[in-house]
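**Student:** Line by line, the protein sequences are chains A and B.
Per my numbering, the very first residue in the first sequence carries number 1; after that it's consecutive.
Per my numbering, the very first residue in the second sequence carries number 1001; after that it's consecutive.
Just so you know, these hints were derived from the structure itself, not from any lab.
Careful, some of the hints might be misleading.
[Said to hold, decoys possible] Some chain A residues near chain B, calculated using beta-carbon distances under 7 Å:
| no. | residue |
| --- | --- |
| 1 | 41 |
| 2 | 44 |
| 3 | 94 |
| 4 | 96 |
| 5 | 97 |
| 6 | 101 |
| 7 | 269 |
| 8 | 329 |
| 9 | 334 |
| 10 | 357 |
| 11 | 361 |
| 12 | 362 |
Glycine is no exception: its CB is placed at the ideal position from the N, C-alpha and C atoms.
Below, each chain spelled out in residue letters.
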Amino acid sequence: MAHASNRINHRRVRAQQALQPVMASRLLAALAFPHSIDRYLELVDPSWSVSDLRGTITDVRHETADTVTMTIRPNHHWQGFRPGQFVQLTVEIDGVRRTRCYSPANSVHRADGQIELTVKAHAWGYVSRHLFAKARPGMTVGLSQAQGEFWMPSRRPGRVLLVSGGSGITPVMSMLRTLVDEGHQGQITFLHYALSDQDVIYNEELKQIADAHDNIDLIRVYTEQAGVGEAFGFFSADQLHSLIPDFAAAETFLCGPPGLMEKVVQVWCEAGIPERLHKEFFTAQSHPVPAGDTVEGDVQFARSERFVPNDGRNILEQAEAAGLQPQSGCRMGICSTCTCRKVSGAVRNLQTGEISTEANEDIRICVSVPVGTVTLDI
Amino acid sequence: MSNAVPVLNEEQLESFGKEMDAIRVRVMADLGDRDVQYIRKVIRAQRALEVTGRGLLMLGFFPPAWVAGVTALSASKILDNMEIGHNIMHGQYDFAQDPALSSKNFDWDTACPGDQWKHSHNYMHHTYTNVQDVDRDIGYGVLRMSDEEPWRPYYLGNPVYAFLLAVFFQYGVALHDLETERLASGERTWKDVRHIAKGIWRKTRGQTLKDYVLFPLLAGPFFLYVFTGNLVANLVRNLWSYTIIFCGHFPDGVQQFHKSVLENETRGHWYYRQLLGSANLTGGKLFHVMSGNLSHQIEHHLFPALPAHRYAEISEEVQEICLRYGLPYNKGPLTRQFGTVVRRIFRLSLPGSGTPALTAA
């Protein structure tokens, strides 16, 4: 069943690719004017678009008790990725679109062209908890092209060390799977930190890969469970020296929680080889929102490359005080003329009192007051 | 008639405003899936009607197909302009962060460019509703719709201009932001409005190409059936939207305001002005959808950025509040409201005046 529907999906993507020159033609654009032709294609298939990269979830499984692994078939706009890069995944929750970054964990050589995202449901993670509970095959999601500077160079290094913690495993898993597919001959060490054996994402597959390849060492280090993994306890210089004496000879790729990353970076710096360490910060979205009515932070106007200290007034007034002239109209939150994109940071809506921390969100700046530092596309 | 308008003191205005604010805050906090699903359902229906209508017109040599095609395409254009375009461009669905429902991106199936509409309508008309010499929706610079507008012989043609505006409504709306009357008087020069004129040209060209060249050509030998079908569908849309829109602010009992009210206007008075300056149409569910819920003009003017499909439920509460403050809530069936509008158009074509504008609450 799954295979048959997979084949149909695959054909559909190829058919949409073949139709792209027609669908993107000037004639169809003129016939659909002023609407995008997408508005009609969506009637046929919600993931079909002449311009947007979207994906369809084809499979959902749970690797561990608090993670969800989704297989996603991107539409024909997908240009592929390098092992280690991430994509922006957009889902709709209670009518509002939310976007988060996740790294595909699959090999770049995966034959069916699909990508695999594994998401850990954090207690405070609005999107991750939604995906954990609600992701289903057939759902359409928004995607971005692969982004990020964290990837394994196409001339693969000989000696490779992959270090990860928790759900930071995904980009380095992609590297490992890719190297396995390529029949990599050099020595690979996969050093992974988790609370316990039950929390290791891809645990079975990792064991199989390590068993099947003499040149691949799997070292699982558990911080809350002794005697089960290959080692126990938090990362330290001593632990590293005893587990992987030749670490300085390797190109190292690191992704994990901030605590682990800081310590690893320190060790590599002390060893005088920071250039051999490649790293990806992944942090759960948790903007510290200043308490009470304190006025702090900066208002940054990214497009104009200007910033001013936040003075507590609404963003429209602060932009004008900074010498900028964003579009504006009623100044009372009714006409939407001043709507613009908030890139990051938190704002309080003066009409509702609600604080929003969402990145890349359209807001009415005449009724939005910065809460701490906020960056705007103005 | 104007004497019957209840005057609220500062305190009453403030508490009236607070009650309105409370409704808005409550509905805003409740926005979500229900609203997004609703507007997408309307968009799907509109697209289906459009595809069906244009398809049927290709078979327009068969009279029933032509009639059905014109009906479907007219309905599609009405939905596109009113319940979908007008409301999305108000930013009613901006909360969803969906580019397809964003006021920044949306443009509609009519000659007026979306960005210009947002300026003349969302900002000027909605902020300065029914304020004489500021809100250009009073007469659209062509008609005498206000008693305070001094009579000139030109206005003898009031009914004729009104009829022509109805027939060519999409072009009237398209030219709105040009402020042609101020061009004629020399207040504005062509240089000032070049970019506006360019935008109108680009949009109108696209609309004309689609409706009167490309689709007819696609029909080959049935060119004329498609051409006339599109012409009639545009006309139906023009007449319908004109009728609904004129019923928003021109029926009997609707108040106009003197410029002086804008000086230090309070939030409460702004709500008061919106209420007294608007009128509702009564009717069934389909009627409300096909009028883009502008049949709830009062609620729309009190809460222009709230999704319009919510106005029906909000209106119960607004009426209850109005009752408590002794404020009129102007509503009536289409025939009656439009009848008084037509009467006003004829009456104001002749010299003399009736109702003076309100200067303050």
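**Student:** Next step is simple, just say for each hint if it's right about the structure.
**Tutor:** Structure-based check of each hint:
no., hint, in the structure
1, 41, "violated, 10 Å"
2, 44, "violated, 11 Å"
3, 94, "holds, 4 Å"
4, 96, "holds, 6 Å"
5, 97, "holds, 4 Å"
6, 101, "violated, 16 Å"
7, 269, "violated, 40 Å"
8, 329, "holds, 3 Å"
9, 334, "holds, 5 Å"
10, 357, "violated, 14 Å"
11, 361, "holds, 6 Å"
12, 362, "holds, 6 Å"
Going down the numbered hints, you'll see the structure goes against 1, 2, 6, 7, 10, while the others check out.
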